[in-house]
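As given, the protein sequences belong to chains A and B, one line each in that order. In this text, residue positions in the first sequence follow my numbering: the first is 2, and each later residue adds one. In this text, residue positions in the second sequence follow my numbering: the first is 132, and each later residue adds one.
FYI, nobody ran anything at the bench for these hints, they're computed from the structure. Please note that a few of the clues may not be correct.
Mimicking SDA-like on lysine to any residue, the simulated pairs with C-alpha atoms at most 20 angstroms apart in a straight line are [to be verified]: (1) B:Lys234 to B:Asn147; (2) B:Lys262 to A:Arg355; (3) B:Lys206 to A:Ser316; (4) B:Lys234 to A:Glu378; (5) B:Lys234 to A:Ile365; (6) B:Lys171 to A:Thr323; (7) B:Lys244 to B:Gly218; (8) B:Lys234 to A:Gln363; (9) A:Lys439 to A:Asp467; (10) B:Lys159 to B:Leu272; (11) B:Lys160 to A:Gly491; (12) B:Lys160 to A:Ile334; (13) A:Lys370 to A:Gly489; (14) B:Lys262 to B:Pro148; (15) A:Lys370 to A:Gly491; (16) B:Lys234 to A:Ala340; (17) B:Lys159 to A:Ile365; (18) B:Lys171 to A:Pro324; (19) B:Lys160 to A:Ser332; (20) B:Lys159 to B:Asp258; (21) B:Lys234 to A:Ala359; (22) B:Lys234 to A:Tyr339; (23) B:Lys206 to A:Asp320; (24) A:Lys370 to B:Asn147; (25) B:Lys160 to A:Ala340; (26) B:Lys234 to A:Gly375.
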Amino acid sequence: MLSSNNLALRHMIWLIAGLALLFVVFWQLPALYTVPGLAKYLPLHMFAETFSIVVAVLVFGIAWNAYAVERPGNLVILACALLAVALIDFAHMLSFAGMPEFITPGSAEKAINLWLSARLLTALALLAVALRPWQPLSDPRSRYGLLAGGVAIAALVSWAGIVHPQAWPRTFIEGQGLTPFKIGAEYAIIAILLFPAVHFYRQAKQQQTFDAASLFAATAITILSELCFTLYSDVADIFNLLGHLFKIVAYIFIYRAVFVASVRAPFQLLDAELTENRRMTGELGMYREHLEALVAERTAQLEAANQELEAFSYSVSHDLRTPLRAIDGFSGILLEDYADKLDEEGKRLLNVVRDNTARMGQLIDDILKFSRAGRLELNFSGIDMEALARSVYEELRLAENELTVEIEPLPAATGDRAMMRQVFVNLLSNAIKFTRAKPDARIKVGSMSGEHEVIYYVRDNGAGFDMQYVGKLFGVFQRLHGVTEFEGTGIGLAIVKRIVTRHGGRVWAEGRVGEGATVYFALPTQVELNPA
Amino acid sequence: MDDAVKEVEILLVEDNPTDAELAIRALKKSNLANKLVWVKDGAEALDFIFASGVYSGRRVESGPKVILLDLRLPKVDGMEVLRRVKGDERTRTIPVVVLTSSKEDRDVAESYKLGVNSFISKPVEFDAFAKTVSELGLYWLLVNRPPVAK
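Working from the sequences, and respecting the hints, build out all of it.
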């Protein structure tokens, strides 16, 4: 933004030094006239004044129109003051000695009075800008007050200067030159300008919130301009002209400060923000692409892993069963064809082989079921749990003859139908198996509502289990009974647990040895869209 | 050789010699193994059915009364054999019974799509296996009426 402030400051100082040198040179030279005679000087003066008025009005125009609530109020103060100064300078120009009558005749003193007023106003404005912290107006509407005030001051001063010139102190005596009052006034103005000059210089070195360097230059050159006006002996001489020139340069620097603050700086800020915005959008786009690529990669990896598992399961189901069949078959053939050559023990041994092969086949089937329970995609739909339980019961009842299963009304659930069926099959089969030895076997399927979940249970009054082993109940191939007591591989509950977990639910059980067991599973009432 | 292959009743396509032995034994028990030919891979099966290669002496029309087909075969896959048999006018009517260790759903689906007549998963226990095979044989050779010969 104002990054090269120090560099700018150095340039300013060089310029000011140059102008000061110019001043000194002319000071030392004998009196000089750029143009001989007042009449010839007037157009030059008019040109100079008009130019500075235009710059001053420009400053007002820009600062006023670029005003925003969050912009510093100092610029508005400067703008309104400069507008007032422009008006007074206009009156001054029309009051210059030799100009046609402007309400009252033109005279050197009339012009000087207005000139002094304008310069004083400028100095006070610069002082105010230096004293006031560079911050927004506490009340944005106060700028109208400032404008009105500025115009009012301009009107008042102009009126006093034009209509009542005699009321002012003497400033110029024809033949003698400037009065002490006049010179004193100029020095007073210079004194007022000293504080802002130093302040702006310091600010230029320290910060970059505003273009202090330009304001420093403006103030310093205004001082130079005023020095010129302490020295001139003739209104048309070189010092007068030089003073006017310096004034123009000072205004240009004020213009620069205001323009930069009101127009260029905001645009630069906007530019910087836009660039930053674009950069961030670019980065975001990159991240998004990267993320999508990452997701695609991971999905591909997952699919590949799943396919590997599929192939593995297929292989297991095919390749492991075949030798099993051979072992079983050929031991069977041995038993048949060589029955007469085998004693009881021999036959028993072979039967042990065959029993174990059958068991191994069962284990393989169970592993595959378990794997499928974890691997297959779930298809969620509404499930009439009561109807499902009944249907499973009907199926199992065909195998068993005497069976009383009480199925209470069950609330519907959302889940994978086939998987839920498997849950009921496993739980009811277990209940049936463990109550087979009991004469008055009772099995009950019920439900209860919980917090954010529905709890279903299958209760039986069969063999039950010791609660101290409850942790092993749902383990893979974990059994609490020997195979001679109850058949099975110990995979049923593990499969139930896996299925229910995938539905976002949980399982647990309670039991008492000899009295029965209850297996609970809870399904959440709020089902997520993407199940595990 | 000529006589036997002319009047073949059962074509057993099975790469595993143990499984083949068990199957043949079961069929023998039911007296169904007299006119049985055993081929060990898909290519040989196709050669036999379509009377090509080693079996060019055959006539396609005198095809087996039933084909017992394993799916996992070397050289030419069981599924491909099934596709060829069911895809050819001359052999489409021959009943094909897939007898495989696989229990995979997709194998079942695919086979039926190709027009298999029956799909049996080989039981692990020999007794069950033997029972299944002999029941199979009895059904397709005796109970079931074959298509009318041309």
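* Does the structure break any of the earlier hints, and which numbers would those be? -> Violated hints (numbers, rising): 11, 16, 17, 22, 24; every other hint is consistent with the structure.
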